[in-house]
Amino acid sequence: MEYSYPIDPDWTTEEIVNVVELFQKVEEAYEQGTNTKEVLHAYNEFKKVVPSKAEEKTLFKEFEKKSGFIPYQVIQKAKAADHETIKM
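Residue numbers (the working numbering): 58 to 145.
Simulated from the structure, these hints should not be mistaken for laboratory data.
Some hints could be false.
As the list claims (entries may be wrong) - Okay, the calculated beta carbon distance ranges per label pair: (1) G90 with D65: 23 to 31 Å; (2) A137 with E59: 26 to 34 Å; (3) Q89 with A111: 12 to 20 Å.
Unchecked claim - Calculated lysine-lysine pairs in the BS3-like style (CA-CA distance at most 25 Å, straight line): (4) K110 with K136; (5) K144 with K118; (6) K134 with K144; (7) K134 with K123; (8) K123 with K105; (9) K110 with K123.
Model, not experiment: these values are computed from the prediction.
Built from N, CA and C at the ideal position, the CB exists for glycine as well.
Let's have the full structure, built from the sequences with the hints guiding it.
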């Protein structure tokens, strides 16, 4: 698929990498499955960049609109998972 990730031009390179890594984990969860701990780690790093729940929702909705993947559902499934991998 061809689409861009929602990023803020004011973020540092490291912050952009952290945000993109979460979106990549969401993609993996849908496409082939991914490690639960890696999703939660990526989300924790994302929250350091985007601590606001409102901004998080905005970015997630923008990503969902462009990709069709729903970050919120992946994160909730990872938090509730009792096994090592999740697949959407």
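How the hints compare with the structure:
{"no.": "1", "hint": "G90 with D65: 23 to 31 Å", "in the structure": "holds, 29 Å"}
{"no.": "2", "hint": "A137 with E59: 26 to 34 Å", "in the structure": "holds, 32 Å"}
{"no.": "3", "hint": "Q89 with A111: 12 to 20 Å", "in the structure": "violated, 31 Å"}
{"no.": "4", "hint": "K110 with K136", "in the structure": "holds, 17 Å"}
{"no.": "5", "hint": "K144 with K118", "in the structure": "holds, 20 Å"}
{"no.": "6", "hint": "K134 with K144", "in the structure": "holds, 9 Å"}
{"no.": "7", "hint": "K134 with K123", "in the structure": "holds, 21 Å"}
{"no.": "8", "hint": "K123 with K105", "in the structure": "holds, 23 Å"}
{"no.": "9", "hint": "K110 with K123", "in the structure": "holds, 20 Å"}
Violated hints amount to a single one, hint 3; each of the other numbered hints is respected by the structure.
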